[in-house]
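S.K.: Guided by the hints, dock chain B onto chain A, whose structure is given.
Here the protein sequences line up with chains A and B, keeping their order.
For the first sequence, my numbering assigns the number 1 to the initial residue and increments by one for each residue that follows.
For the second sequence, my numbering assigns the number 1 to the initial residue and increments by one for each residue that follows.
Calculated directly from the structure, the hints in this document are not laboratory data.
Being a predicted model, the structure only gives us computed values, none of them experimental.
Honestly, I wouldn't trust all of these hints.
[What the hints assert, rightly or not] Not close to chain B: a few residues of chain A, all C-beta gaps over 12 Å, as computed: (1) 60; (2) 212; (3) 228; (4) 273; (5) 306.
[Unchecked claim] Derived DSS-like pairs: lysine-lysine, alpha-carbon spacing no greater than 30 Å straight-line: (6) A/230 / B/281; (7) A/281 / A/230; (8) B/230 / B/281; (9) B/230 / A/230; (10) A/281 / B/164.
[To be verified] For each label pair, taking beta carbons as the anchor points, the in silico distance ranges come out as: (11) B/303 / A/212: 25 to 31 Å; (12) B/30 / A/303: 50 to 56 Å; (13) B/11 / A/147: 51 to 57 Å; (14) A/296 / B/157: 51 to 57 Å; (15) A/139 / B/12: 37 to 43 Å.
Heads up, the beta-carbon is just placed ideally off N, CA and C, and yes, glycines get one too.
There are 2 protein chains.
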Amino acid sequence: MSFAELWAEIAPIGLTDKGYLRYALGEAELVLRDWFRNQAFRRDMTVTEDGNGNLFAWCGEPWADGVVLTGSHFDSVPYGGGYDGPLGIVSAFLAVDRLPPGRNVAVVAFCEEEGGRFGVPCLGSRLLTGAIPVDRAAALCDRDGITFGQALGGRPTGERALNKVRAVVELHIEQGRALEVPVGVAGAIWPHGRWRLDFRGSADHAGTTRMADRRDPMLTYAYTVLAANKEARLSGAHATMGRVSVEPNATNAIPSLVTGWLDARAADESTLDALVAAVTKRAEDRAGRDGTEVSVTAESVTAEVAFDSPLALRLSAILDGAPILPTGAGHDAGVLSAHVPTAMLFVRNPTGVSHSPAEHATDADCEAGVDALAAVLEELTRAPAAEELT
Amino acid sequence: MSFAELWAEIAPIGLTDKGYLRYALGEAELVLRDWFRNQAFRRDMTVTEDGNGNLFAWCGEPWADGVVLTGSHFDSVPYGGGYDGPLGIVSAFLAVDRLPPGRNVAVVAFCEEEGGRFGVPCLGSRLLTGAIPVDRAAALCDRDGITFGQALGGRPTGERALNKVRAVVELHIEQGRALEVPVGVAGAIWPHGRWRLDFRGSADHAGTTRMADRRDPMLTYAYTVLAANKEARLSGAHATMGRVSVEPNATNAIPSLVTGWLDARAADESTLDALVAAVTKRAEDRAGRDGTEVSVTAESVTAEVAFDSPLALRLSAILDGAPILPTGAGHDAGVLSAHVPTAMLFVRNPTGVSHSPAEHATDADCEAGVDALAAVLEELTRAPAAEELT
Chain A
1 MSFAELWAEI APIGLTDKGY LRYALGEAEL VLRDWFRNQA FRRDMTVTED
51 GNGNLFAWCG EPWADGVVLT GSHFDSVPYG GGYDGPLGIV SAFLAVDRLP
101 PGRNVAVVAF CEEEGGRFGV PCLGSRLLTG AIPVDRAAAL CDRDGITFGQ
151 ALGGRPTGER ALNKVRAVVE LHIEQGRALE VPVGVAGAIW PHGRWRLDFR
201 GSADHAGTTR MADRRDPMLT YAYTVLAANK EARLSGAHAT MGRVSVEPNA
251 TNAIPSLVTG WLDARAADES TLDALVAAVT KRAEDRAGRD GTEVSVTAES
301 VTAEVAFDSP LALRLSAILD GAPILPTGAG HDAGVLSAHV PTAMLFVRNP
351 TGVSHSPAEH ATDADCEAGV DALAAVLEEL TRAPAAEELT
Chain B
1 MSFAELWAEI APIGLTDKGY LRYALGEAEL VLRDWFRNQA FRRDMTVTED
51 GNGNLFAWCG EPWADGVVLT GSHFDSVPYG GGYDGPLGIV SAFLAVDRLP
101 PGRNVAVVAF CEEEGGRFGV PCLGSRLLTG AIPVDRAAAL CDRDGITFGQ
151 ALGGRPTGER ALNKVRAVVE LHIEQGRALE VPVGVAGAIW PHGRWRLDFR
201 GSADHAGTTR MADRRDPMLT YAYTVLAANK EARLSGAHAT MGRVSVEPNA
251 TNAIPSLVTG WLDARAADES TLDALVAAVT KRAEDRAGRD GTEVSVTAES
301 VTAEVAFDSP LALRLSAILD GAPILPTGAG HDAGVLSAHV PTAMLFVRNP
351 TGVSHSPAEH ATDADCEAGV DALAAVLEEL TRAPAAEELT
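In isolation and in its complexed conformation, chain A is listed as follows:
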């Protein structure tokens, strides 16, 4: 089966006129999970869930010793693209088709990778590896007040031993413009995190309150947005404030509360720490002048991930010297890499656009990605024992 044929099955699911809306455990993502089960059924694979929202399709016995996991996630950012995540799952099923029979491999769909619904990215893989307490994950709320535990239908089961997993390989669309050939191998993930900034002022009437009497937190927010951009440019890092929430959010009222989120990433941790400290300092200084208050809360911070280096070199060799490149994007593979030899393959993104409906990869590059993933899995699932792997 060609990539384009299988891809066409999922392309319409969750597509709105503004882009893909595939929230974890939301309507479209549940349809994609059914599609996953159906793919497994067609291939005589056994489907299990792990109690954390992650879905597995096993060629052999579930959790058999030495299994190689491959896959990605179905969920999208709100109004995002169709490739970020699903490409790794579709490619995984197609790569399995190209393996000799009897290989110990499983396809996985991780839950809530984007954090678009419950706020913490890689939630499924964090639970699986014990990187987030079960109670904290269960209590995370979406914008409608539904908790992750409610959406999941129960308390997550949390960490499980991964010592039987020989390796994890996640294929993903590349998200910058860093790849000039169809397929590359991940070297490292930049340290990155999300910080919530609450700016508090005083609600008041927009028409009657003298400018000098105001304590308007929108001003402090606006200044901080510009400061974050400037500080990131100065330090060669990335800073984005793309999400905001306002109370009461009325045209004729000065806000009482503006909440902004800072997404910050840098090539190393000291640069990232310095960036967040500088943005915080400038927000606090401005709050002093605006008569407002600001508090900064880290919602998730991920240290630098250096993928298993011998494994990356081996994959590059299998793929005739495919380039090894770093990325600013977080991935489930990054979370798993602390526990299991883990690697990522990237498929070329000609425009570099991601988290947008304009995200795109060519069918030819995606087909090359499937071939590369099949070649890698063929090697990794061959007879030799785990210690020879890397």
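M.R.: Relative to chain A, chain B alone:
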């Protein structure tokens, strides 16, 4: 009946832990409308609706020649105060109680004064006076996609002749800190309006997109917020950007669209025009540097309202020289003043806070407001013909 007794009946309606939520034709406001009907019933007043969402309680025949209207509105801004609007209705019923029998007076509750639900303030009085086309009003949408026509239960009936109305008097809490005695009289309403600013850029991945490659409309928005504040201060006007909407509004995505609303007011129209032009110019300049686009749309613009000056002087005289003061806030009385001799009474606001749950007036000042309104109505509804009124 004392002010405090009647006030206590409505104080809990629509009160949430963040302030009052009394959207026009929403749950709490419908309860307040029932309370209004009940008050009319207790006083043998006849209740009618005008097909535009406005509610009337008549002491005599509906729309009898020479009637004096008094009242205000029930709806609040989201999470606003309890006095802005309802004070004028509660005071109207209490003032009617203090009039000699047989006076030709009616209490009115206007619909959607704040524009908090359907976006156009003074919607009920604009319809009644023909200041907004019926079809445009019917099609206005709230944030859930419900139109005003749907909420009303049919197409508004629109303009009606107001030539039988002798005068309109609206009592309202003052909203700055302009009043140092319990009661004052309105002189004029500043020209004011609402402009929607759409900032368009390119959605992209927050982690992987190089800073130099971004077209981030949040930056242009933030710059414009600060520019509006600065321009208003420079020109002695008021500018507020208290409402914002973002797409996709995700922490890890650069937005594709940021929509901000500018509320601007000034003592005269040339200052207001210059302010809006300056903000627009600065937004456009910055958009050029950010690689984004901005478009500015006037959603509602209200010219300066000078209330009937002889009537204001007469009220001030009735009230022993109560001060006459301008205001930056729009009111239904301002809309009606183009058609009928119209006046406003203000009740002192000790902190100046409005459009906030902290909005407050003392019971003693509110009681003084009722006395003042009763004295004014007593004069205005006395025998002499309309032409002697002013």
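S.K.: A separate judgement is required for each hint: does it hold in the structure or not?
M.R.: Results of checking the hints against the structure:
1. No Cβ of chain B comes within 12 Å of the Cβ of residue 60 of chain A; the nearest lies about 36 Å off, and the non-interface call holds.
2. Remark: the non-interface label on residue 212 of chain A conflicts with the geometry, its nearest Cβ contact in chain B lying 8 Å away (cut-off 12 Å).
3. Against the 12 Å criterion, residue 228 of chain A falls within the reach of chain B, whose nearest CB is about 9 Å from its own CB.
4. Against chain B, the non-interface label of residue 273 of chain A holds: every CB pair exceeds 12 Å, the least being about 17 Å.
5. Here residue 306 of chain A stays apart from chain B, with its beta-carbon at least about 17 Å from theirs, past the 12 Å limit.
6. At roughly 22 Å between alpha-carbon atoms, residue 230 of chain A and residue 281 of chain B fall within 30 Å of each other, so this suggested pair holds.
7. For the given pair, residue 281 of chain A sits about 13 Å from residue 230 of chain A by alpha-carbon distance, which is consistent with the 30 Å threshold.
8. Simply put, residue 230 of chain B and residue 281 of chain B have alpha-carbon atoms about 13 Å apart, close enough for the 30 Å limit, and the pair holds.
9. A C-alpha spacing of about 20 Å is found between residue 230 of chain B and residue 230 of chain A, which places the hinted pair at or below 30 Å, so the restraint holds.
10. Note on residue 281 of chain A and residue 164 of chain B: the hinted pairing is violated, with a Cα-Cα distance of about 63 Å set against a maximum of 30 Å.
11. Range check, residue 303 of chain B to residue 212 of chain A: about 26 Å between beta-carbon atoms, so the 25 to 31 Å window is met.
12. For residue 30 of chain B and residue 303 of chain A, the Cβ-Cβ distance of about 54 Å falls inside the hinted range of 50 to 56 Å, so the restraint holds.
13. As the Cβ distance of residue 11 of chain B to residue 147 of chain A is approximately 34 Å, the hint placing it in 51 to 57 Å is violated.
14. For residue 296 of chain A and residue 157 of chain B, the hinted distance range of 51 to 57 Å is satisfied, since their beta carbons lie about 53 Å from each other.
15. Our hint of 37 to 43 Å for residue 139 of chain A and residue 12 of chain B is violated, since their Cβ atoms are close to 31 Å apart.
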